[in-house]
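Residue numbers (our numbering): 1 to 176.
Possibly wrong hints are sitting among the right ones.
What the hints assert, rightly or not - Just the calculated beta-carbon pair ranges, DEER-fashion: (1) S122 to D24: 17 to 27 Å; (2) Q109 to P164: 25 to 35 Å; (3) L55 to R137: 27 to 37 Å; (4) A93 to D24: 43 to 53 Å.
These are calculated hints, taken from the structure and not from any lab test. It should be emphasised that the depicted structure is a prediction, and the values quoted were computed from it without experimental measurement. Cβ coordinates follow ideal geometry from the N, Cα and C atoms, glycine included.
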Amino acid sequence: MDEEILDEEWSIMYQESEHVKVLDSNTFNKPVKNIKVRKPLVLNVGKTVKDAVGLMQQKRLGCVLVVKEGKLAGILTERDILMKSVGSGKDIAKVKVEEIMTPDPEAFQPEDSVAFVLNAMSSGGYRHVPIVDERDRPLAVVSVKDVVKFLVEHFPQEVLNLPPRPIRRTDQIDGG
Numbered sequence: 001m002d003e004e005i006l007d008e009e010w011s012i013m014y015q016e017s018e019h020v021k022v023l024d025s026n027t028f029n030k031p032v033k034n035i036k037v038r039k040p041l042v043l044n045v046g047k048t049v050k051d052a053v054g055l056m057q058q059k060r061l062g063c064v065l066v067v068k069e070g071k072l073a074g075i076l077t078e079r080d081i082l083m084k085s086v087g088s089g090k091d092i093a094k095v096k097v098e099e100i101m102t103p104d105p106e107a108f109q110p111e112d113s114v115a116f117v118l119n120a121m122s123s124g125g126y127r128h129v130p131i132v133d134e135r136d137r138p139l140a141v142v143s144v145k146d147v148v149k150f151l152v153e154h155f156p157q158e159v160l161n162l163p164p165r166p167i168r169r170t171d172q173i174d175g176g
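Make the full structure from the sequences, and use the hints.
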């Protein structure tokens, strides 16, 4: 009788493992427009870094897209501000966004695949990637956080039902 129970349990475990969700190439080949994003913050060239910082703080976003005549001219990120402005002692009330932005950033269109965006983020070290229309007008910004949320949506039960913290053993003598 115990063997019957064991065989039944094994059968159930095997069936469950067949239904585990797996990220595959289809997930990454979906258009980037499937990722939920917020509208981008947009500033015209000629604005100051202080203007950008104020807008970023107000909207709680990590970058602004800089436009010239409505077209994407650059991206200004928290990292740009820290490394190229604040870190150098420049007065952000006098520095123009175009002086420290990343000009002509790699940008994508809504139909481009998630895989292309992820590859650009990984190989370029980008935390934010602009999405533009066919005329180079900003539509959105995809952040690393947005991509993570997109991936979590494929595993809501497995990710959202995790215990609060992993169990860590602290009674080991050595650190290994």
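Structure-inconsistent hints, enumerated in ascending order: 2, 3
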